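*Asks:* Take the sequences, apply the hints, and build the full model.
So the sequence shown is numbered by the numbering used here: it starts at 1 and just counts up by one.
Bear in mind the hints are in silico, worked out from the structure with no lab data behind them.
Remember, it's a predicted structure, so these values are computed and weren't measured experimentally.
Some hints here could point you the wrong way.
Claimed, not checked - Taking lysine-lysine pairs in the DSS-like style, the calculated list, with each CA pair at most 25 Å apart, reads:
1) LYS61 - LYS116
2) LYS94 - LYS78
3) LYS17 - LYS61
4) LYS61 - LYS124
5) LYS10 - LYS124
6) LYS10 - LYS61
7) LYS124 - LYS17
8) LYS10 - LYS116
9) LYS61 - LYS21
Said to hold, decoys possible - Pair ranges (Cβ atoms, derived):
10) PHE15 - LYS124: 15 to 21 Å
11) SER82 - LEU31: 16 to 22 Å
12) PHE15 - TYR93: 43 to 49 Å
13) GLN12 - ASP92: 39 to 45 Å
14) ILE145 - SER100: 31 to 37 Å
15) LYS116 - PHE139: 30 to 36 Å
16) ASP92 - LYS17: 43 to 49 Å
17) ASN140 - HIS85: 24 to 30 Å
18) GLY30 - LEU117: 23 to 29 Å
In this text, a Cβ means the ideal position worked out from N, Cα and C, and glycines have one as well.
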Amino acid sequence: MLIFILIYTKNQNHFGKYRLKRFDSIFIVGLLLGAISVFLGIGGGPLNVAMLMLLFSFTMKESTIYSIATIFFAQLSKLVLSGVHGDLFNIDYKVAVVVSVMAIVGGYVGTLINQKLNETSVTKAYTMLMTALSFVSVFNVGQSILF
Numbered sequence: 001m002l003i004f005i006l007i008y009t010k011n012q013n014h015f016g017k018y019r020l021k022r023f024d025s026i027f028i029v030g031l032l033l034g035a036i037s038v039f040l041g042i043g044g045g046p047l048n049v050a051m052l053m054l055l056f057s058f059t060m061k062e063s064t065i066y067s068i069a070t071i072f073f074a075q076l077s078k079l080v081l082s083g084v085h086g087d088l089f090n091i092d093y094k095v096a097v098v099v100s101v102m103a104i105v106g107g108y109v110g111t112l113i114n115q116k117l118n119e120t121s122v123t124k125a126y127t128m129l130m131t132a133l134s135f136v137s138v139f140n141v142g143q144s145i146l147f
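*Replies:* Shown next, in the form of structure tokens:
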């Protein structure tokens with residue numbers, strides 16, 4: 001999936017662009033992206049960004065905002081369900097608080113950087129991150145096969 005996202009990002013001008021406007025289409029895309037985000041357990045950010053760029057003709061910067069909103073609400077629903085099922089009692093709250101605070105600080109810093117960079121720079125940074133994630137994924141698969 002990461003390889004496809006990387007290929008799409010580098011060659012997005014060669015792919016058709018869509019501008020979904022019908023409520024039912026937007027509803028289905030939101031439902032699928034939210035479900036995939038929670039299912040993958042990693043938020044699904046790279047997939048969300050690529051799909052939002054493709055299906056709504058958003059720029060990279062626009063896609064990241066919508067992706068964050070999708071992930072936020074998808075993960076919020078997961079947290080609520082975990083609370084209902086009693087799974088929240090099995091976490092280390094000290095770690096959760098520190099990670100949450102630092103995620104907010106990181107989000108703020110990332111937003112400042114994003115606002116200062118132009119679209120091309122954001123796309124280059126995204127491409128570098130996807131390349132690094134692809135190498136890490138290949139390494140992890142190799143490790144699991146060998147060991």
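*Asks:* Does each hint hold? Answer for all of them.
*Replies:* Hints and how they fare:
1. With a CA separation close to 11 Å, the supplied pair LYS61 and LYS116 stays within the 25 Å bound.
2. About 20 Å separates the Cα atoms of LYS94 and LYS78, which keeps this hinted pair within 25 Å; it holds.
3. Between LYS17 and LYS61 the CA atoms are separated by roughly 16 Å; this keeps the pair inside 25 Å, and the hint holds.
4. Simply put, LYS61 and LYS124 have alpha-carbon atoms about 12 Å apart, close enough for the 25 Å limit, and the pair holds.
5. Restraint check for LYS10 and LYS124: the C-alpha separation of about 9 Å stays at or below 25 Å, so the hint holds.
6. Only pairs whose Cα atoms come within 25 Å are accepted, and LYS10 paired with LYS61 is accepted, the gap being roughly 15 Å.
7. Simply put, LYS124 and LYS17 have alpha-carbon atoms about 20 Å apart, close enough for the 25 Å limit, and the pair holds.
8. Among the hinted pairs, LYS10 with LYS116 is consistent with the structure: their alpha-carbon atoms are about 22 Å apart, no more than 25 Å.
9. Restraint check for LYS61 and LYS21: the C-alpha separation of about 20 Å stays at or below 25 Å, so the hint holds.
10. The given range of 15 to 21 Å is respected by PHE15 and LYS124, whose C-beta atoms sit roughly 19 Å from each other.
11. The hinted window of 16 to 22 Å between SER82 and LEU31 holds, with their beta carbons roughly 20 Å apart.
12. Distance hint check for PHE15 and TYR93: the Cβ-Cβ separation is about 45 Å, which falls inside the suggested range of 43 to 49 Å.
13. Hint check: GLN12 to ASP92, Cβ distance near 41 Å, so the stated range 39 to 45 Å holds.
14. Between ILE145 and SER100 the C-beta distance comes to about 35 Å, which sits within the given range of 31 to 37 Å.
15. A beta carbon spacing of about 32 Å between LYS116 and PHE139 agrees with the range 30 to 36 Å that was offered as a hint.
16. Hint check: ASP92 to LYS17, Cβ distance near 45 Å, so the stated range 43 to 49 Å holds.
17. Take ASN140 and HIS85: their Cβ atoms lie about 29 Å apart, and the range 24 to 30 Å holds.
18. Between GLY30 and LEU117 the beta carbon distance is about 27 Å. The supplied range of 23 to 29 Å therefore holds.
Checked against the numbered hints listed earlier, the structure breaks none of them; every hint is satisfied.
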